[in-house]
Amino acid sequence: MSSEQPLYALLLAPGGVSLVVPQPNINATVAQNILLSVEYSCRGVATIEWKHVSSWGTTSIVEWRSGNYVNISTVYKDRVTTFENGSIQLRNVGMRDAGYYFVTVMEEHGTNAYGTIIVNVYEIIYEDLHFVAVLFTFLAAVSAILICFMWLCNKSLHLFQKKTTHKLTASTTEEIELETIEC
1 MSSEQPLYAL
11 LLAPGGVSLV
21 VPQPNINATV
31 AQNILLSVEY
41 SCRGVATIEW
51 KHVSSWGTTS
61 IVEWRSGNYV
71 NISTVYKDRV
81 TTFENGSIQL
91 RNVGMRDAGY
101 YFVTVMEEHG
111 TNAYGTIIVN
121 VYEIIYEDLH
131 FVAVLFTFLA
141 AVSAILICFM
151 WLCNKSLHLF
161 QKKTTHKLTA
171 STTEEIELET
181 IEC
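When we follow full-length UniProt numbering, the leftmost residue of the sequence shown carries the number 1, and every step to the right adds one.
None of these hints come from the bench; they were simulated from the model.
Quick caveat, the model's predicted, so the values are computed rather than measured.
Glycine residues also receive a C-beta, built at the ideal position from the N, C-alpha and C atoms.
Check each hint, because a few of them may be wrong.
[What the hints assert, rightly or not] What follows is a list of derived Cβ distance ranges for each label pair: (1) K51 / R91: 32 to 38 Å; (2) L146 / I124: 55 to 61 Å; (3) K155 / V132: 16 to 22 Å; (4) E39 / S73: 36 to 42 Å; (5) R91 / T58: 19 to 25 Å; (6) G94 / S60: 17 to 23 Å; (7) V75 / I118: 33 to 39 Å; (8) R96 / R43: 36 to 42 Å; (9) G57 / N120: 15 to 21 Å.
Taking the hints into account, I'd like the entire structure generated from these sequences.
This is the structure in structure tokens:
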């Protein structure tokens, strides 16, 4: 066993089939592409089979023999890409893609190796983003109204001060004139 391979992920079957699952847990969001990565080795020609098990049931995804045919189920036809190392890529995942993915590597001499990957798929909650956008818009509108109100108050205060200053100037002028006449 090499030091690069995780101890829990290296599955050896007697007869020479080995299977490594480097990432046994995958978290994804809706519409994301995910890689269900494995590495296998065997002495002869291997057949690789992937199945998906969830609360909706068990579905065969793909089966292929290294160097030969690839048989992808119609449900996954446009969404799966296979790789020579036994990995598959699943495009545009949805909530139904959450669950357990089982890979089986079968050697022509009858030995098998098994691996499991758990996939969790999460939705992006648009209601939360919508709430934040509405709240931000509301706060921006309230801020604009308050700014306009403050501007109007400031203008009114300046007009009031001008009128008061004008009256003061007029009344002091009259008093000065009156004082001058009385002398």
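Each hint, compared with the structure:
no. : hint                    : result
1   : K51 / R91: 32 to 38 Å   : 18 Å, violated
2   : L146 / I124: 55 to 61 Å : 34 Å, violated
3   : K155 / V132: 16 to 22 Å : 35 Å, violated
4   : E39 / S73: 36 to 42 Å   : 24 Å, violated
5   : R91 / T58: 19 to 25 Å   : 21 Å, holds
6   : G94 / S60: 17 to 23 Å   : 18 Å, holds
7   : V75 / I118: 33 to 39 Å  : 20 Å, violated
8   : R96 / R43: 36 to 42 Å   : 37 Å, holds
9   : G57 / N120: 15 to 21 Å  : 18 Å, holds
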